Amino acid sequence: MATSLVLPKLVGERIKRREDPRLIQGRATYVDDLKVSGMLHLAFKRSDIAHGKIRRIDTSAAEAMEGVEYVVTGKQLAEYLAPMPIGTPFPSPDHHAVATDTVRYQGEPVAIVVASDRYLARDAADAIIVEYDPLPAAIDVERSMTGQPVVIHPAFPNNLAVAYVPGGTGVDAAAGTVDNTAIDKAFAEAEVVISQRMMNHRLAPNAMEPRGVLAHYEPGKDQMTIWSSTQNPHILKTFIAAMTGLGEHQVRAIAPEVGGGFGCKINIYGEEYAAAAISKRLGRPIKWIEDRSEAFQATIHGRDILCYIDLAAKRDGKVLGLRLKLIADIGAYNMLLTAAIPTLTMLMLNGTYDIPAVRAELTEVFTNKMPTDAYRGAGRPEATYFVERAMDMLAAELKMDPAELRRKNFIQPSQFPYATQMGAVYDSGDYDKALDLALKVANWTALKAERDAMRAEGRLVGIGLAFYVEVCGLGPSSSLPTGGWEHAGVTIERGGKITATTGASPHGQGNETTFAQMLGDQFGVAIEDVTILHGDTGIVKQGIGTFGSRSQAVGGAALNLAGQKVKTKMAKFAAAMLDANEDDLVFENGRIFVKGSPDTGKAFAEVSGYAYVPVPLPEGMEPGLSDEAFFEPTNNTYPFGCHITMLEVDRDTGEPKLLKVVAVDDAGNLINPMIVEGQIHGGLAQGIGQAMIEEVVYDEDGQLVTGSFMDYAIPRATDFPWFEMDNTVTPTPVNPLGAKGVGEAGTLGSTPSVVNAAVDALSGFGVKHIDMMLRPEKLWKIING
Amino acid sequence: MADPVAVSMTINGKVRKASVEPRLLLVHFLRENLGLTGTHVGCDTSQCGACTIHIDGRAAKSCTVFTVQADGAEIMTIEGLADGEKLHAVQEGFWEEHGLQCGYCTPGMIMSSVALLKENPHPTEDEIRKGIDGNFCRCTGYQHIVKAIQHAANKGS
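Just so you know, the sequences run in chain order A and B. Per this note's numbering, numbering of the first sequence is gapless, rising by one per residue and ending at 791. Per this note's numbering, numbering of the second sequence is gapless, rising by one per residue and ending at 144.
Chain A on its own, in the form it takes in the complex (with noise of 0.2 Å):
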């Protein structure tokens, strides 16, 4: 028997991905490339205002249009379909689909038509007349929490969602007491106190693939399958089985291909649960595919927290305390995640700094705007923003090297696993390797003197350093109210080919490729002989989702569990083969054998078909090769890294303009760098975009300016330099991979050193802080005085 085929090792290694053939070639399925006979098209009439009661809704016209099947006001959906769900435990208002009788954001939806062609369905919808008694909208967040300038929600007074929560050193949740010794000491010792208020300001997700879903009650089979672009189909099925009266059991949702999600396609969206309870009530397919301009008043929005931060400080740099009040502007309503976000906020509030005393005030405000929720980052980047933007303004204050400022109060390798003073375990940590590397990639000390050569000419030229620690592979079940788990299964062939389920639910993340290098290492195959399927809970029974950069963290080390049962017990059947110790034998270039001996053993697909026709069935043994297992972590992963950049403005324009940007994370262990390298250059995009380029708009009336691409501009190719990246490798202790996961850790340092080189650009000017986005208009004034 020829053993002349020797398999490359996978994990670790830039290897090509398995989806991008179908994506090249225009051969992938997205939602609204699926059609099913029957189907209808759902359109949606939203308001044009902010804030109103509805006094009429006059739907006759659009009733009466040729090919119009369906016309329902917010009222009558109401009769069977109940207000939504949230996932978090806060008191929140009642939610419909589709408002009742008052809009409290603009777009909120207020009538459904549903016909035969989406041309139609559009220009019926047009044709509801729809008049309201217009209420004031609560825009401002700060005036907002007190009431001003109306309440939106009558069962929450001064439009409080989350009141004044506090959290960290001295905070004792559980006795609600406040002790504020420890705190009041950091600034009664401080030397140097730095207070600034700053806005970490909305910005609208815009995945490139717009929301959709296509919703097939069956009436014979009383079942309801599902399709949506979602991130989470199990929590898809759960969601939409509770609110349409069916049971788990007969609901299958589907993910198909999904483009982009960055959080946005958490939620379950009144969109899907009035898409299936419509589909149930007629019994026909129905689809609603999102408009752009719709996903701008309609899809979840991200951060909008504006925060009042004090730092105390030797004038040795040493930090003592950091005192934080948050008034995170949450829009109208709560949706799945909306008021868990700012807590994540309040969570990583400590970086990667070892103070003795934080203490941090939680507010949560209604306003007249779409509701936040979770967008790349999701409460991370906010607080790594605060700290960082801090930190270097006491670096400027003291005169000191932002680098060394960091440094000298970072949480030291020998203090991990680091609790620190807002709740948080950190797993691992090597953050002066981290910044050492960074400082060596963008080559710190000659920047810098650049930098003064630039403005020796007369150019405003700043650098930026920000160092940050991230909280993902979420997590712990005590954390997600749906569980954090996350699930595997691994299948032999008849044949000898694997394939593997995961809960995991990739929308760009790659999985069916990087899950396929860790399968195809751990049985010694190739490749190309592993499946990794997902995104449908009629195939893959159990899981949870892809978000929180949780896919390999949690997911993958599922699946290593799972591959682990399976090779177990294959390495029994192989030893019944062999007459040999199943503890003695290899898994490698296609064949299992006694270490050592790889002429002797035997193929994989020998032992694989014997395992399914197993003559004579060895002792105590079942047939087959199929396993699963459950992944909990005990803890969430925490990555961490450091962003430099430097950044020019135009003296005459304003415009700020990125001249470099180096980034160097520490993800743990790497199964795909090229792939890593790609989350991470995406991160960098948004995070910059959120620093330079993004930012929602709401006028005072809450009509929302930045209601298209016209207005909000999306970061382009031509916006950026090249990033010039760089990693260390600390492993996490949480999983048996040590890979911490890394989706949404670009967009952590990004911002604050974007922002910090702004700063530094136009120092010169007397700013000690300028609020994103930095537009050149803002910047021009500063510049003119």
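Because the hints were derived from the structure by calculation, they are not lab data. The structure displayed is predicted, hence computed values, not measured ones. Do not take every clue at face value.
[As the list claims (entries may be wrong)] Under the rule of at most 25 Å between Cα atoms (straight-line distance), these lysine-lysine pairs were calculated in the PhoX-like manner:
| no. | chain 1 | residue 1 | chain 2 | residue 2 |
| --- | --- | --- | --- | --- |
| 1 | A | K324 | A | K414 |
| 2 | A | K405 | A | K439 |
| 3 | B | K73 | A | K22 |
| 4 | B | K4 | A | K41 |
Given chain A, work out where chain B should sit, using these hints.
Okay, now just chain B, sitting in the frame of chain A:
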């Protein structure tokens, strides 16, 4: 409702005839009437470029063209780019260099890139970035897309 209009055009080498509403966008004609769903809709203001195809040899945003305007035209969509099973050099470049993640912008991005390289076979990095600034990508940060196009340029697409 306006009367339907007869159109005829060559799409990926095949003549297609249809009777369409005057207001039917070309991108919807391709996707819904012809089942060529590789071309995507990403916005409603002609910014994002996900709908990019070639009309008479030039890159065009099919969301901003009425089907009736394309009467008599020669059209290539992403589905017509490869030569049977042999991928175009730009498609290969995207695969080799990880120039895509979710894939939604990718068909339009590839069609724009093919047009760019036809006009400028050896572009600088700057020229590449300018050449694709009508195509949004939310996933990649563009760097691997630039490398993908450079890869194709080096192969002499």
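Going down the list of hints, with the structure as the test:
1. In summary, the hint linking A/K324 to A/K414 is supported, as the alpha carbons are separated by about 7 Å, within the 25 Å threshold.
2. Our distance criterion of 25 Å between C-alpha atoms is met by A/K405 and A/K439, whose separation comes to about 24 Å.
3. Of the supplied pair hints, the one linking B/K73 and A/K22 holds, its CA atoms being roughly 17 Å apart against a limit of 25 Å.
4. Restraint check for B/K4 and A/K41: satisfied, since their Cα atoms lie roughly 22 Å apart, inside the 25 Å limit.
Of the numbered hints stated above, none is contradicted by the structure.
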